Each structure stands twice: as C-alpha cells, then as structure tokens.
Amino acid sequence: MTLLLDVLTSIGILTIVVLGLAIVLGVLDVINLAHTGFMGIGVYAAVVAHEHGWPFWLGVVVAAIAAAVAGLVVEVLVIRRLYDRPLETILATWGISLIIVQLITLAFGHNNRAVGQPLATATSVFGTPYSTYRLVLVIIAAVLVVGLALLIRFTRVGLTVRMIQANQDLARGLGIRVSFLRASTFVVGCALAGFAGALLGPTQAINPNYAVSLVATAFLAVLLAGRHLSGLVLGCVILGAVQVLFARWANPVYSSAVVVGVAVVLLRIFPEGLTWRRA
Amino acid sequence: MRLETRGVVAGYGSATVLRGVDLTVGDGEAVAVVGRNGMGKTTLLKTLLGYLRPTSGSIQLDGVDITGSLPERIVRHGVAYGPQDEPVFAHLSVEDNLQAARIGRIDAARREQVLAFFPVLGTRLRQRAGTLSGGEQKMLVLARALLAEPGLIVLDEITAGLQPSMVNTVVTALNWEREQRGTSVLLVEQNIDAVLGICDRVAVMKLGQLVAEEKATKDARDQLMLLLAP
Amino acid sequence: MAHSTPTRRTLAALTATCTTAGLMLSACGTSSPEASTSDYKVGVLLQLSGAGSVYADSAQAGTKAALQDVNSSKKAGVRFTSVVADAGADAQSATTACSRLIQQDKVKALVVFVPGPQLLACNTLAKRQNIPILSLSSGAGNICATNLTGFGLVPNQQTLPVLDDLIAQGKKKWYFFGADYSTPKTTISIAKPYLASKGGTTVGESYEPMGTTDYSQDITKIVNAHPDVAFLNVIGNDDVALEKQWAADPRTKGITRVDILLGEGPAKALGSAASGIWSSNVYFSSIPGSDNDTFKSQIQAAGLKDSPDINTYVSYLQVEALASAVKSAGADGPKVISALGKTDITGPLGSQFQIRSGFSYQPVYLAQAQADGSFAIQKKSDPVDPKLACSSAS
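Chains as they are written, first to last, in our numbering: chain A, -17 to 261; chain B, 2 to 231; chain C, 615 to 1008.
Rather than coming from a laboratory, the hints here were simulated on the basis of the structure. Given the structure is predicted, the values throughout are model-derived calculations rather than measurements. Each residue gets a CB set at the ideal place from its N, CA and C atoms; glycine is no exception. Please note that a few of the clues may not be correct.
As the list claims (entries may be wrong) - What the simulated footprint calls covered on chain A by chain B, stretch by stretch (three residues with Cβ under 8 Å from a Cβ of chain B suffice, anywhere in the stretch; the number is not a length):
id	segment
1	130 to 142
2	147 to 160
As the list claims (entries may be wrong) - Cβ pair distances, simulated, as ranges:
id	chain 1	residue 1	chain 2	residue 2	range
3	A	V51	B	Q164	53 to 59 Å
4	A	L69	C	T738	35 to 41 Å
5	A	L133	B	E113	26 to 32 Å
6	C	P977	A	L69	55 to 61 Å
7	C	I991	A	L69	52 to 58 Å
Chain A extracted, bound-state conformation (with noise of 0.2 Å):
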C-alpha cells in the first residue's frame, strides 16, 4: 500500500512540476528553461507571504500571480519576439533563469527559507497512515490535468488552443488573436510553475536555485509527452513509477540513469512522443 502511495504522489509531483512547462511547449513550441526560475519566483512569493503570517494557501495563490506576471514582463521583453525559432527561445529562456536565480540571490540571500508546513498530519489510506500533504498533491495533481482536459476539450479558450496548435495561419484566418493567445499561455504556463514551486515548497530546499534537480525529470516526461495531454499523463506515471519501483527494488543510485533510459527507448520507438497523431 505504501508503496503504490509512494508511486501516486511520485506521479502527482511530477505532474505538478510538469504541466506549465507542457503547457508552453505544446502551444507554442518553446522550451521554457527558465520553468524552474518561475517555480522560485513562485516560492520566494510564497515565503514572504508566509513571513507576513499569511496562510500557506494564500501564499500558493500569490505565487502564481507572482509568476504570472514575471511571465509577462519576460514574453513581452523577450519571448514574443523568438516565437517559431525553438533554438534561440531555448538560449533566451536560458538566459532568463541565469537573471532570475541572481534576482532572486540578490533579493534574498542565499539562505534556506521556509513557507510552512501546512497539513503536518496523516491521513489513513485503508489502514496505512501516509503523509496528508502528499496526499493533498496528489489530489491536486488530478484536479489539474482534469480540470485541464475539461478546459481544452469543452471551453471556447480550449478550442482556441486547439485550433493554433493545430495550424496557426488558419487559426488566424478566422480570427483568433495568435499574439494576445501567445502571451496568454506563456502566462499561464509561468502561473501553474509558480504555483507549483509555492506547492512543492514544503517539501523541498528553498533557495535561489531551487528546483533545478526536480526539473531534469520533468523535461524528460515533457519529450515523451508529445503535445497532448494524455501523453504527458502517461509519461508522468512511466517515469515516476520507473524512479519509485527502480529505487526500492535495486539500487536507487541508479533510477536517475534507468529514468533516462527508459525515457529514450520510449522516444526511440515514439519519436514523436507518446500520442503520435494519425497524419
């Protein structure tokens, strides 16, 4: 039971590091490097609303509208100029984790900060006690990618993004605003990083470079996405279940490599990630 606890909130924190960066990727092509400055953005507002007294949850919201609006600033300077040029999106984002981090260092210290530990409990899943929190992750993790899905698939603004990602100069024949649309999903993207990183803060270090080490995953699962979200879903739960069982079955200094692997065996069969599309 543990275990499979283990393995469901190793898939929900994956998820929830995961979606702003799929989100960006899937829509408008960029590989976003500076998702993990956007997740510290998101925790350092989450710490000084935590050092105001504010409830952690609060803290969660704020954020995501800290890194919502940064993701403004950065794709109006920036990014809105190097769309449908992949190579130089992944310099410039690049570029903009360096300035965020030396932001964020110069702003704060160096030192470790703390947002709180909120839902210290545990909860008894069929008699095994288990931390709350990663419970609550887990919770979360689903109510986004359903929440998602629901918006992509029935939603005006889900049909929107259908219609760019599917072809764009068609999408603007019939009068789909392409650059407010863009800069739309980069914030959005920025947002659920954000708020991932205020959510993940109780569970992690939190100083400038925070969340460096939780992305490496993330971007695999990102590639093995393809550009659908039942993809990235599935490549959540290959991975994380891979790292889970690899490291409580053998050695777990090993399930880092044996991640990759298998994550490009996967791209190697898929090449197109895991929901290839029927031309």
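We have chain A already, so just place chains B and C on it with the hints.
Coordinates of chains B and C only, in the frame set by chain A:
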C-alpha cells in the same frame, strides 16, 4: 460589405507578384477572379486577408482602411476566408472545424440550415477532418464560411477537384447565402460554369494585374474559356 | 508572418539576456580597494553561484569580521586585504577562479570554502607556488597536502562523539542513509565498525544520488528496517528536502534522527520539521557563554542578518589562524605553512586549539534541534584525533 483595393503591390521577398491591383467588390456583389496558374490570384487573396503585407497601395473594407492589418483583425471585420492549401484543421474533428467558424458561438438554427446543404458532414461530426475526402473537406470549408455569418466570403478554388454534384452544392449554397443575407462574395476560380452560376462580374488576372472585366453572363462564357485556355 | 530581420533581432535579444546575466555573475569577483604592496592579500574562494551558494553569506560574514578584527587589533603585523572569487559549481570553474586569484591577484594565502573536488583542483595550483590553503573541507579527510590546513572536522571527529552518546542512551539499532558521494560514504564506513565495536547493530545502509528530490521510498526502506536511529548523511539542498519529507511522514515517529551535515541556517528554515535532530560540530550559535555572545555581535556588525553558524565560525577561525601564523613567520609562504602547524590559536570561543596533522583539533558539541529549528547544546565532548584516509604529507 464592400471591398476596395487601389494599386496593391505585393510579393514574397524581392519577388513582386501583384503589380498594382485595383479590385472592387460592391456590397452584396459576387465577383470572381479568374486566370491561369501562377498569375497571382492566390497571392491577391493572401494580401487581402493580411497574410502578406502590400508594399504599396491600399485596401478598404466598408471604407475602413485595413492595409497592413493582421489576418485576425481583418476577418473580425466580418470576412470568412477559405484558403486553398490546408483549408481545414486536419487533426480536429469535423464538429470542431465547424465550431471554429465562430469559436463555439454558432447559432443553432443557422447551423441546421447550413448543414442541410451538406448532409455528409452531419454524419461525420466526430471524425477527424483530415480523414474526409478532398471534396468533403471543401464542403467543410464552405460550411464553416457560411456559419461565420460573414459580410464577405472569400474562397480560393473552392470547386477544384470537385465532382459535378458537389459543384452544384457550392453554387446552390452560395446563392442561398447571397439571397438570405446579401453577403458579398469574392471567388478565385477555374470552373467557369460555377463562376457564371454564382457571380455578377468576372475579373481576369494576368501577371499580377487585372487585365479585363466581364459581366458574368452566358454570352461571356466562350470568351472566358478562351482567355483561360492554355 | 513576415520576419523582417530575424537573425538580428534574435541576436539582440540573446546578447541582451546573456550580457545582463554575465555582468551579474562576474560582478561577484570583487576586490577590496586601496590595497598597497606591503599588504598581505588573502584570496577568498567560495561558491557564490550554484547549489553550494547557500553557505556563501554566512562564510563571507565570518571572513569579513575576522579581517576587521585582525586589522584593527594589528594581529598579523601587516594589514590584511582580501579578494573574493566565485568557485562556481564544478572543479572547472573553481580552477579558473583559483588561478585568477593566484596569478592575477597575486594572493599570498587562500581561504577556501568549497567541496572536495573544487578544493583539489585549486590546491593543485596553490601547491606549486607554496601558497597556504586554509580550507573548511578536507574531502572527508581524503585530501592532504603540506600547504593545506583543514579547519572543518573530518568524519571521525564529527561522528564518533554522537555515536558514543546515543549508544549510551540505549539506541543500538542504526540505519545509515547517505548521498552517493565521497563524504557520506567515508563517514558511514567509519561509523559502522565503530558502532559494532560498541555493541550496536547496523540494520540497513543505502544511498541516493545527489540531486534527489523525492525521498519517499528511502524513508519507507528505513522505516521498514525498524531502527532506533536513522543516520541521515545527505548534503545541502537534498538534505533539507529529505528532512522536510521525513518530518511530514507519520511513520517516522519514534525514530531518532542524526544529521551531522545539517547546518543551523537550514535547520532554522526547517523549523518544526527539524525538531529532534541530533547534530555535532565545533560550533553552534547557541553555545552558551559571553565569548560566543561577543562573537555573535561582532558577526552581526559585519552585516550578517542571521546568527553565525559553523561556516561563519570556521571562516573567522581561518583568518585568525592565518594572522597568528603570519605574525610569527612573516609573509613567506612555506614559513606560514609550517607556522600554521605549530601555533596555538585562540578561537572566537576563547578556547585555545591546535592543528594536528594539518587538521584542527578542538572540542565537539552535541546538539539537538528544538521545535523552532534552533539547536540546544546537549554536551561538549573532548577533541578527537583526526583520522585521515591519506598520509599527512604529499
């Protein structure tokens, strides 16, 4: 809706394709641009729709200058455009392609009327548009344009590759739209019979300029066929 | 869709981004002004960027306070000036920073705050020129060189006192968990036989690579082995993540945590999540006494917002030790090196201590983290002789 261009010059990079196009489509009027391949017809439509920025000249919609505007702004004036290449979202369902006309805000009664012209679409709403036949995709383009409730419909080679019964559907549907709503129509066409069935006027394009203009009457048919002959 | 001048615009954006980033990073290498040739220039090498940068603030404050003290009390006979360089996150950037300090800035001694690999890289350069290196790390007692003096504890010095104390409390079943890295591996390889010799048992041992973010399955393994004590030997950010996840896991109740690598700053940030953790070190800010109070106010005057920690203490000690060696031996490199091994040094806590075999020999405090994440001193142990993995001179 009235469309008016004056001296439009446009092209790709240093290659000028349009060399001063003066075209008017009056309110409620249907005009066809005909001409051999490579004369700049598609380039003209792309320029009108804002995909290409003219290097000189002006384009007006109902007296509003739209020269150099982005496509998304131009179509929001009430223009429905059916391009020749990749005219549908191949990976989206037929239903989604229809909804794309007004991004999910389609009037139910109108939808019923429009789909009555294209019964085949009604039976394949869940299918991916890319799996439709070429002709069915053209029907989808036309249906989408009609569902947009536009002031001006711009279609690029809508009848190309269609079997005669489908060409008839196009003619019927567009005439219905003109009668019902007084919509202006601008077609780029090869099919002279379809042109004569729909349009009031025919403009002939040659090497990036409109060189001749005819009333679309049966008498003009032979002359037009001659102009288009290789 | 027209991209008028794509390459130019891209270049502009990229250049802007990278230049800004570059400027910000290079701004870290700063030199103190008004240096004259008779001054004794000390190179300070520490990680200002990358994961190791968490220790930078507290270490720099100690160096700064000690430099002020040395100069105002004329403890070295000459005026000390300093140049700070960023060792970055790997041996490559440490080499670059170090060679700049030695060749360009012509420093006479190096005060170094970097992990083993970077220390080794820098020492290769310093050894050739007989430049003394005063280091926090000693690569877990694996790096020895004539010009190198280690001020941090080597694993046996830090680990054995806490083992003794907890075994005496009847906690005999231990689980050893560490990062897959030389320091934890050395530490655990020393701790295990010692535990056995004292009648304890090792109920499990496992490692995770550095950069691990999710420790749930490791915690499960430890819990399932039913130990009295979990000896957690993970480094830096990973350690904070591990301790947070440990504290949030209800199954870990009743297992005593030992974490000798947990700094006071991170423990404070952990707050209640650190509660109950045992640690051992030569300095805690909560050590009682007027000497420590004086030291703390001195550090605060040097601009550190938080309380001083082991890094502050050691960095302070390094500069003070260097000053007394320079005072007795002059500025000449080899003479300073040999003087460092002979001098009795008075630390900020008032106690005299020595350097043995190139490593510091000083009392070790055992402390336990409280509900607010601060450490309460439980015991002061006698110094332990450093046990080194390498021969003392190479």
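Cross-check of the supplied hints:
no.: 1; hint: 130 to 142; verdict: holds (count 4)
no.: 2; hint: 147 to 160; verdict: holds (count 12)
no.: 3; hint: A:V51 / B:Q164: 53 to 59 Å; verdict: 56 Å, holds
no.: 4; hint: A:L69 / C:T738: 35 to 41 Å; verdict: 37 Å, holds
no.: 5; hint: A:L133 / B:E113: 26 to 32 Å; verdict: 28 Å, holds
no.: 6; hint: C:P977 / A:L69: 55 to 61 Å; verdict: 58 Å, holds
no.: 7; hint: C:I991 / A:L69: 52 to 58 Å; verdict: 56 Å, holds
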